[in-house]
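So the sequences go chain by chain: B and P. Note that the first sequence ends on residue 334 in this note's numbering; no numbers are left out. Note that the second sequence ends on residue 494 in this note's numbering; no numbers are left out.
Read the hints as simulated data drawn from the structure, not as lab findings. Any given hint could turn out to be false.
Stated by the list, open to error - Now the in silico label distances, taken between C-beta atoms and shown as ranges:
id : chain 1 : residue 1 : chain 2 : residue 2 : range
1  : B       : D312      : P       : S275      : 56 to 62 Å
2  : B       : Q260      : P       : G362      : 44 to 50 Å
3  : B       : Q260      : P       : V144      : 46 to 52 Å
Said to hold, decoys possible - Some but not every residue of chain B turned toward chain P, in silico, with C-beta under 10 Å:
id : residue
4  : G212
5  : A218
6  : Y298
7  : A302
Predicted, not measured: the structure shown is a model, and the values here were computed from it. Note that CB positions come from ideal geometry on N, CA and C, so glycine has one too.
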Amino acid sequence: MQDAQALRAKQAADAGLLRRFSLETLQVGGLALAIVVFAIIVQLNFPVFLSLPNINVMFVNFLPEAIIALGMTIVIITAGIDLSVAGIYPFSAIVVGLLMLAGLPIPVAILLTLAAGAVVGAVNAFISNKFRVHPFIATLAILLILRGVNIIITGGSPVSGFPEGFAIFGQAGIDMGGFTLRYSVFIWLGLALLTGYLLRHHRFWRLSYFIGGNRRSARMSGINVERYLVFVYMLSGTLAAVAGIIVASQFNAANNSYGQNLELRVITAVVIGGADLNGGAGSILGSMLGVLFIAMIYNAFAMSGISTYWQDVVVGAMLLASILLGEALKRRRA
Amino acid sequence: MPPALEAKSINKSFGSHRVLHDVSFAVQAGEVHALVGENGAGKSTLMNIIGGIHTRDAGELLLKGQAIDPADVWQARQLGISVVFQELSLTPNMTVAQNIFVRREPTKALGMIDWQRLNADAQALFEQIGVEISPTELVGNYSVGIQQIIEIAKAISFDAEVIIMDEPTSALSESEVDRLFGIIADLKAQGVAIVFISHKLGEVFRIADRISVLRDGEMVGVTKPADSSPDEIIRMMVGRSFDDLYPPKGVVGDEVILEVRELSHPPLFHDISFSLRKGEILGIAGLVGAGRTEVARAIFGADSYSSGSIALAGERLDIKSPREAIEKGIVYLTEDRKVMGLFLSMTMRENIVSAALGRFVGALGILRHKEIAAESGRAMQRNDIRPRDDLLSVNSLSGGNQQKSLLAKCLSANPKALLADEPTRGVDVGAKVKIHQALRDLANHGVGVIVISSELPEVLGLSDRVIVFREGRISAILAGDNISQAEVMRHAVQ
Numbered sequence: 001m002q003d004a005q006a007l008r009a010k011q012a013a014d015a016g017l018l019r020r021f022s023l024e025t026l027q028v029g030g031l032a033l034a035i036v037v038f039a040i041i042v043q044l045n046f047p048v049f050l051s052l053p054n055i056n057v058m059f060v061n062f063l064p065e066a067i068i069a070l071g072m073t074i075v076i077i078t079a080g081i082d083l084s085v086a087g088i089y090p091f092s093a094i095v096v097g098l099l100m101l102a103g104l105p106i107p108v109a110i111l112l113t114l115a116a117g118a119v120v121g122a123v124n125a126f127i128s129n130k131f132r133v134h135p136f137i138a139t140l141a142i143l144l145i146l147r148g149v150n151i152i153i154t155g156g157s158p159v160s161g162f163p164e165g166f167a168i169f170g171q172a173g174i175d176m177g178g179f180t181l182r183y184s185v186f187i188w189l190g191l192a193l194l195t196g197y198l199l200r201h202h203r204f205w206r207l208s209y210f211i212g213g214n215r216r217s218a219r220m221s222g223i224n225v226e227r228y229l230v231f232v233y234m235l236s237g238t239l240a241a242v243a244g245i246i247v248a249s250q251f252n253a254a255n256n257s258y259g260q261n262l263e264l265r266v267i268t269a270v271v272i273g274g275a276d277l278n279g280g281a282g283s284i285l286g287s288m289l290g291v292l293f294i295a296m297i298y299n300a301f302a303m304s305g306i307s308t309y310w311q312d313v314v315v316g317a318m319l320l321a322s323i324l325l326g327e328a329l330k331r332r333r334a
Numbered sequence: 001m002p003p004a005l006e007a008k009s010i011n012k013s014f015g016s017h018r019v020l021h022d023v024s025f026a027v028q029a030g031e032v033h034a035l036v037g038e039n040g041a042g043k044s045t046l047m048n049i050i051g052g053i054h055t056r057d058a059g060e061l062l063l064k065g066q067a068i069d070p071a072d073v074w075q076a077r078q079l080g081i082s083v084v085f086q087e088l089s090l091t092p093n094m095t096v097a098q099n100i101f102v103r104r105e106p107t108k109a110l111g112m113i114d115w116q117r118l119n120a121d122a123q124a125l126f127e128q129i130g131v132e133i134s135p136t137e138l139v140g141n142y143s144v145g146i147q148q149i150i151e152i153a154k155a156i157s158f159d160a161e162v163i164i165m166d167e168p169t170s171a172l173s174e175s176e177v178d179r180l181f182g183i184i185a186d187l188k189a190q191g192v193a194i195v196f197i198s199h200k201l202g203e204v205f206r207i208a209d210r211i212s213v214l215r216d217g218e219m220v221g222v223t224k225p226a227d228s229s230p231d232e233i234i235r236m237m238v239g240r241s242f243d244d245l246y247p248p249k250g251v252v253g254d255e256v257i258l259e260v261r262e263l264s265h266p267p268l269f270h271d272i273s274f275s276l277r278k279g280e281i282l283g284i285a286g287l288v289g290a291g292r293t294e295v296a297r298a299i300f301g302a303d304s305y306s307s308g309s310i311a312l313a314g315e316r317l318d319i320k321s322p323r324e325a326i327e328k329g330i331v332y333l334t335e336d337r338k339v340m341g342l343f344l345s346m347t348m349r350e351n352i353v354s355a356a357l358g359r360f361v362g363a364l365g366i367l368r369h370k371e372i373a374a375e376s377g378r379a380m381q382r383n384d385i386r387p388r389d390d391l392l393s394v395n396s397l398s399g400g401n402q403q404k405s406l407l408a409k410c411l412s413a414n415p416k417a418l419l420a421d422e423p424t425r426g427v428d429v430g431a432k433v434k435i436h437q438a439l440r441d442l443a444n445h446g447v448g449v450i451v452i453s454s455e456l457p458e459v460l461g462l463s464d465r466v467i468v469f470r471e472g473r474i475s476a477i478l479a480g481d482n483i484s485q486a487e488v489m490r491h492a493v494q
């Protein structure tokens, strides 16, 4: 009898702790903690790790992933997936370059490239909606097609020699003494803050959680799910194009080999950040921390001289850990 | 005054199959109008047309005398017609308030949600209907019963003039049903027209002002409860009469099949002791949440228990998984067939043999498909599952036939003891009678059967003895003349 009471009291206490914080808070908080611990350990061994120039390098290296993860987060919240981003990314770098080389003004070339990214996204959604194909298959097909198209339109060699003004998006920045804080970091920051805020507070954007949580009930609530998904995949495609334009500017060149396995890095980061591949859960803050975590690991391994093959082992283990944590939390609360 | 809602000569076909044939139906403001009929009679189709989900082929819809033509659920709701869906239209990962006001959230500038007002609005809504539900709790943390109330609150929040409730009580406990009926009475007093679709005639007679009966897509009659009787309604529904709704009771042997001693798992259940005899149907009654399902799942090995013992035919068992239970001969027919019982996208055949695949495995683990086909064919026949094609996917079957297949699946495992949890939830009268008969046949063949049901008439009509649960304990074991609705309720609630 006393056992029973103790058990009940313990259960109530557990429930209290878990209830006080949302699942999202617990997951994002756990990830933030892991990042801090990891950063301290690396810093103790390599004092240059947390220096501003090195942090800047981390940001710049993973800027495309960070920008693309914004769209991927929303896609995953709606219980979808977008593999085509890794095709759109080099595609848009090439397209913006070719348009400029063809003599179009820079703003026009950029707008057309963004539109191209949006169109590819719309095609993803159309295929998946119209033929009831899982987005995994639809976007995988588009990824493969774009990878081929990229080689065809470039003939396999890099596109380069862009107008001077184009450098502002990926190379130029504020001189901070030892390094340049690039404007592209501000583009990412602005987009992240905007999407993060909208996803949390805007009526239309929040519908993504309903669609991912229970598509049938979303439909019953009068949401036009198909049309909404067109928006979501267009957004994802456009953001991938933004990343592609930045990288073209950064290297002053566009190469069809950009973005190998980028889709998997992005999905990994988003899932580590607490998004649920079954839909209905995820946050921009979590995804950005997920990207940061991966960026830190790659950076630390590059610095340490340990075989870089180990970095994938660590990233994979973290992915597994975050999934197990999420499942455990869900079960405890149920 | 014109009726709040009137449907005139509605026709609807799906392909060549005519589902509704010249159906007319009207509900007045302040009236509770029950719509009954067997599954497949066209009730849901009619309501889906009124609620804007399907389009009609012919006919007219009038809202207070004005012709309307809702294109989708959303439009219907804005016109003042709200359907409370059988499959809840709520999203479990969002809060109660977000669910209720999805797409209608109060906003500040630029479409940003005003969270304070959102929660306050939901709170006000719950106060209006007199229930205590937290607007900021996740919907998934509430029971199905409470979710049903939230769903109804959502319907009300549209200032609905017509509310259509499709099987609203199928997942509710008796006390939740009472609460729902209280809410319905309030709505009625406010002049809301209510269409109440239910298989439970007891409830229909309790709440309805008028009853309309659909059979095979045609309206066969409208009557008032006072001028009719459940027997007459059943006759109208099926076009024939049932002399007796329940099969005759059987002969219970002395041999004990299943012996449960002092089974406990605090805080869910305590000191559960009973014995199930050969050829017996043992009913378990009690409110939802009294621990009935938990005990059944513990016996089946799906959940663990802290202390106590279980013996099958005198042999003490230590079952740790459903697999071991099935091997020993204990089978559990689940409460929620869609979630736990059936593999919806797989064929009937695969489902029927899925609990007993071990019997059909040859050398090197290769399945013996001929035997599987033969067993499945026999099961389809024995349980009268229609259409008689075991290569159809379970998805495509009606609720009653799905439930019959679930039963067939359990039987193919050759059980010694069958635990049937809500075996007829959500199925129509015809299928119900067949399921009852199948359970009784099983008992007559020497299987011990436990039936857990929230429908008192079912427990009473089917069982040789009745165990009543209350708050995780057995409060009474009734037999013979002691089994009555009043007696069961007395032990269930106090």
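Here is what the structure says about each hint:
1. B:D312 x P:S275: 56 to 62 Å: Distance hint for D312 (chain B), S275 (chain P) holds at roughly 59 Å.
2. B:Q260 x P:G362: 44 to 50 Å: This hint holds: roughly 48 Å between Cβ atoms.
3. B:Q260 x P:V144: 46 to 52 Å: Distance hint for Q260 (chain B), V144 (chain P) holds at roughly 48 Å.
4. G212: This hint holds: G212 (chain B) lies near chain P, its Cβ roughly 8 Å from the closest one there, short of 10 Å.
5. A218: holds, 7 Å
6. Y298: The hint is violated - Y298 (chain B) has no Cβ within 10 Å of chain P, the shortest such distance being about 32 Å.
7. A302: violated, 38 Å
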